[in-house]
Amino acid sequence: MILKIIIIISILIIGIWLIKARKNTRVRAWQKLVFLVFILSVIVLTLFPNFALEIAFLLGLTRVTDLIVYGTILIFLFVTVNIYLKFQEMQSQLSRLARKVAIQEALLRYPNWEKEN
Amino acid sequence: MENKKTCVIVPFYNEEKSLTTVLQDLTKEDYSVVAIDDGSTDNSFEIASKFPITLLKHVTNFGQGAALQTGIAFSRLNPNFDYFVTFDSDGQHQVKEIKNVLKPLIDNTSDFVFGTRFQDKLSRLPIIKRIILKLAIYYTKASTGIELSDTHNGFRALNRSAIKEINLNFSNMTHASEFIEQAHKSNLRVKEIPVNILYTKYSKRKGQSIWNSINILVDLFLR
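These protein sequence lines are chains F and C, in that order. Everything in the first sequence is counted per the working numbering, starting at 2 for the first residue and increasing by one. Everything in the second sequence is counted per the working numbering, starting at 78 for the first residue and increasing by one.
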């Protein structure tokens, strides 16, 4: 039970931290590290399936399946938030581009716009 | 005061039903109008181009916030404008009320005027909408210290020192909160003026769903 609370609190803290500070290099490095850990754990767990059970016990779970389910949910959340943020960023970049185009084009049509009369 | 010195910024998206009346009323009063077509797919652009206004066009639809920011960025380039007004294109706002929202700017007692639908008239709305608007008011007060009775009204008036501080990043309706935040950050003098909103069947259909408040909250958190 205590472990579940710790997991929930830490995932919330990590989540908020990732969202709030996503632009800095350290966070981008962390994203890569998480991905690296994921790849390595897949390799390790394929080679030593029993190791997974030990980790599961260590985390207070009784089955490897539970461990995989929890892990998958966390990765899914992580990926979803990242894609959402990336999508928002692209939307914002696109609208800035459209704004530039609209203004440049209007300035051609109204050449005296920036002049005082 | 010459109305020509006031630039009315009108973003529109597929508003061919209401646009003619809105632009007619504005140009009749001799206001300078900067209209932004936010990628309309109907005849709105053709309708707007018949009027003596300044017309800009987004290549595709980005949302009211993006269109407003385009209008703001473009209109402040023109040194002949003293005041700027944001005005809805769906016919909800009344041209005759522009002089009311401009008054605190002309008297130089405020830099940024927000129109409000309900100073002490909140009770007329359905209960869920009332609760959400109340929450928005508390949230705004807690995060900016600015107390507004209507945080999401599109009728606003800004003077030159206010308009140069505005830079909206959100394309969707979250931009209404950004206006308040940026006014707060730049220490602008803010005031609320009551305006009457014409709730026609048409503008109601085009109006905001209360579900959008969830989108706005998520936007404000995830940035």
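A portion of the hints provided could be inaccurate.
To be verified - Distance condition first, Cα-Cα at most 25 angstroms in a straight line; then the derived DSS-like pairs of lysine-lysine: (1) Lys173(C) to Lys105(C); (2) Lys101(F) to Lys105(C); (3) Lys241(C) to Lys81(C); (4) Lys82(C) to Lys116(F); (5) Lys173(C) to Lys94(C); (6) Lys176(C) to Lys82(C); (7) Lys180(C) to Lys105(C); (8) Lys116(F) to Lys81(C); (9) Lys218(C) to Lys81(C); (10) Lys173(C) to Lys81(C); (11) Lys127(C) to Lys105(C); (12) Lys241(C) to Lys116(F).
What the hints assert, rightly or not - Partial list, computed: chain F residues near chain C (C-beta under 10 angstroms): (13) Phe39; (14) Leu41; (15) Leu98; (16) Val102; (17) Glu106.
Unchecked claim - Which stretches of chain C does chain F cover? Using the computed rule of at least three CB atoms under 8 angstroms from a CB of chain F, they are: (18) 132 to 140; (19) 155 to 165.
Hints are computed from structural coordinates only; laboratory data are not their basis. Backbone N, C-alpha and C define an ideal beta-carbon position, used for all residues, glycine too.
Going down the list of hints, with the structure as the test:
{"no.": "1", "hint": "Lys173(C) to Lys105(C)", "in the structure": "holds, 11 angstroms"}
{"no.": "2", "hint": "Lys101(F) to Lys105(C)", "in the structure": "violated, 30 angstroms"}
{"no.": "3", "hint": "Lys241(C) to Lys81(C)", "in the structure": "holds, 19 angstroms"}
{"no.": "4", "hint": "Lys82(C) to Lys116(F)", "in the structure": "holds, 14 angstroms"}
{"no.": "5", "hint": "Lys173(C) to Lys94(C)", "in the structure": "holds, 20 angstroms"}
{"no.": "6", "hint": "Lys176(C) to Lys82(C)", "in the structure": "holds, 12 angstroms"}
{"no.": "7", "hint": "Lys180(C) to Lys105(C)", "in the structure": "holds, 20 angstroms"}
{"no.": "8", "hint": "Lys116(F) to Lys81(C)", "in the structure": "holds, 15 angstroms"}
{"no.": "9", "hint": "Lys218(C) to Lys81(C)", "in the structure": "violated, 35 angstroms"}
{"no.": "10", "hint": "Lys173(C) to Lys81(C)", "in the structure": "holds, 15 angstroms"}
{"no.": "11", "hint": "Lys127(C) to Lys105(C)", "in the structure": "holds, 14 angstroms"}
{"no.": "12", "hint": "Lys241(C) to Lys116(F)", "in the structure": "holds, 18 angstroms"}
{"no.": "13", "hint": "Phe39", "in the structure": "violated, 23 angstroms"}
{"no.": "14", "hint": "Leu41", "in the structure": "violated, 30 angstroms"}
{"no.": "15", "hint": "Leu98", "in the structure": "holds, 9 angstroms"}
{"no.": "16", "hint": "Val102", "in the structure": "holds, 6 angstroms"}
{"no.": "17", "hint": "Glu106", "in the structure": "holds, 7 angstroms"}
{"no.": "18", "hint": "132 to 140", "in the structure": "holds (count 8)"}
{"no.": "19", "hint": "155 to 165", "in the structure": "holds (count 3)"}
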